[in-house]
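2 protein chains.
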Amino acid sequence: MELLKQRIREDGKVLSASVLKVDAIMNHQIDPILMKEIGNEFSERFKDAGITKIVTLESSGIAPSLMAGLQLDVPVVFARKRKSLTLVDDLYRADVYSFTKKESSEIFISKSFLHKEDVVLVIDDFIANGQAALGLLSMIRQAGSTLAGFGIVIEKGFQDGGDVIREEGIKVESLAIIDSLEDGKVKFRED
Amino acid sequence: MELLKQRIREDGKVLSASVLKVDAIMNHQIDPILMKEIGNEFSERFKDAGITKIVTLESSGIAPSLMAGLQLDVPVVFARKRKSLTLVDDLYRADVYSFTKKESSEIFISKSFLHKEDVVLVIDDFIANGQAALGLLSMIRQAGSTLAGFGIVIEKGFQDGGDVIREEGIKVESLAIIDSLEDGKVKFRED
Chain A
1 MELLKQRIRE DGKVLSASVL KVDAIMNHQI DPILMKEIGN EFSERFKDAG ITKIVTLESS
61 GIAPSLMAGL QLDVPVVFAR KRKSLTLVDD LYRADVYSFT KKESSEIFIS KSFLHKEDVV
121 LVIDDFIANG QAALGLLSMI RQAGSTLAGF GIVIEKGFQD GGDVIREEGI KVESLAIIDS
181 LEDGKVKFRE D
Chain B
1 MELLKQRIRE DGKVLSASVL KVDAIMNHQI DPILMKEIGN EFSERFKDAG ITKIVTLESS
61 GIAPSLMAGL QLDVPVVFAR KRKSLTLVDD LYRADVYSFT KKESSEIFIS KSFLHKEDVV
121 LVIDDFIANG QAALGLLSMI RQAGSTLAGF GIVIEKGFQD GGDVIREEGI KVESLAIIDS
181 LEDGKVKFRE D
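For the protein sequence lines, the chains are A and B, in the order given. Letter by letter, the first sequence follows residues 1 to 191 in the working numbering. Letter by letter, the second sequence follows residues 1 to 191 in the working numbering.
Excised from the complex, chain A in its bound form:
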């Protein structure tokens, strides 16, 4: 997606050979127009899949998911990282290991909002080592839902998360794949 790559070039900050910061457009400040274009692109790529629900993870997955949900006219469910006062239903749970924080944390989805009749599109802001994606996948399997695929805004192609999911036979659509962040430069994979 050329517009996205252009914005990553202009507004992204390469912090190290593995860390790209896009806080100016998605992860802290959000550009609503860009998110709408991203939502439309996901919608286009999955429009024939019979999607009934989008699943994402708080917080940065919410914006692109909401715009895709608006376009596809389906609800968005965001997995929560903390149990809340009002999240008291029966829950699907998964552990997500963070390599950066070197710790596991639990994520949750209420059983009220994910069913075996659902055809699910998972959307997330980044895929790197794929731990969050595997956690979401686990909960979708617990629910017995059909998985249509993953829509990822930015894939770190130099880490194996995207391919780990593809090797499960799952469709992964990444709008920008980054092959390298070496020397402070973002090198995109050619389409």
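Keep in mind that the hints were calculated from the coordinates and are not lab data. Only a predicted model underlies this, so the values are computations on that prediction, with no experimental measurement involved. Incorrect hints may have been included.
[To be verified] Label-pair distances were calculated between CB atoms; the ranges are:
| no. | chain 1 | residue 1 | chain 2 | residue 2 | range |
| --- | --- | --- | --- | --- | --- |
| 1 | A | Asp73 | B | Asp160 | 57 to 63 angstroms |
| 2 | B | Glu2 | A | Ser112 | 21 to 27 angstroms |
| 3 | A | Ser105 | B | Ala17 | 30 to 36 angstroms |
| 4 | A | Ser112 | B | Ser180 | 22 to 28 angstroms |
| 5 | B | Ser104 | A | Thr100 | 24 to 30 angstroms |
| 6 | A | Arg189 | B | Arg141 | 43 to 49 angstroms |
| 7 | A | Leu3 | B | Lys47 | 23 to 29 angstroms |
Glycine included, C-beta positions come from ideal geometry on N, C-alpha and C.
On the provided structure of chain A, position chain B as indicated by the hints.
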């Protein structure tokens, strides 16, 4: 906002005399069409205020803020509850006390995304005792930004947060004000 009240009546769950759960439409599952209507309503109520930025708090404030930001054509900044690997800039900070959790937690906004030239609309999903709102207000004052007002999806009118903010001379637009959750029933304030 009649559509919102109708959806709260249909999909909200009263857990106690002080807790209303709207996980089916906003706080866990999100209805994108409803969020778009909510965003349009906030936009309408603040369209002449010269808004340059919307500020909210992760995670449940993001969806209504994004839709208002789309309509007003301004960026959305969501205050973060945890320091992230990539949030390394100078930060505005505020403490938010949670009466339900009986603990304080810090919230952050990068100084890169809030400036004294900004005219800010704060949007949040709920206002109850107003602690989160006061935390956001503190950061806007630290930045020296102009505050246009608060847009709140659901105000718990039987708690004093909304009035605490109004007593500061700040415009607060709540799309649904609840006067009571007694006896398991949602009683709305008349417009």
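So, going through the hints one by one against the coordinates:
In this structure the hint that Asp73 (chain A) and Asp160 (chain B) lie 57 to 63 angstroms apart at CB is violated, the actual value being about 39 angstroms. Judged by the Cβ atoms, the range 21 to 27 angstroms given for Glu2 (chain B) and Ser112 (chain A) holds: they are separated by roughly 25 angstroms. Taking 30 to 36 angstroms as the suggested C-beta distance range, the pair Ser105 (chain A) and Ala17 (chain B) conforms, at roughly 32 angstroms. Restraint check, Ser112 (chain A) to Ser180 (chain B): a C-beta distance of roughly 25 angstroms satisfies the suggested window 22 to 28 angstroms.
In this structure, Ser104 (chain B) and Thr100 (chain A) meet the distance hint of 24 to 30 angstroms, their C-beta atoms being roughly 25 angstroms apart. In this structure the hint that Arg189 (chain A) and Arg141 (chain B) lie 43 to 49 angstroms apart at CB holds, the actual value being about 45 angstroms. For the hinted restraint 23 to 29 angstroms between Leu3 (chain A) and Lys47 (chain B), the CB-CB distance of approximately 27 angstroms keeps it satisfied.
The structure fails to meet hint 1 from the earlier list, while all remaining hints are met.
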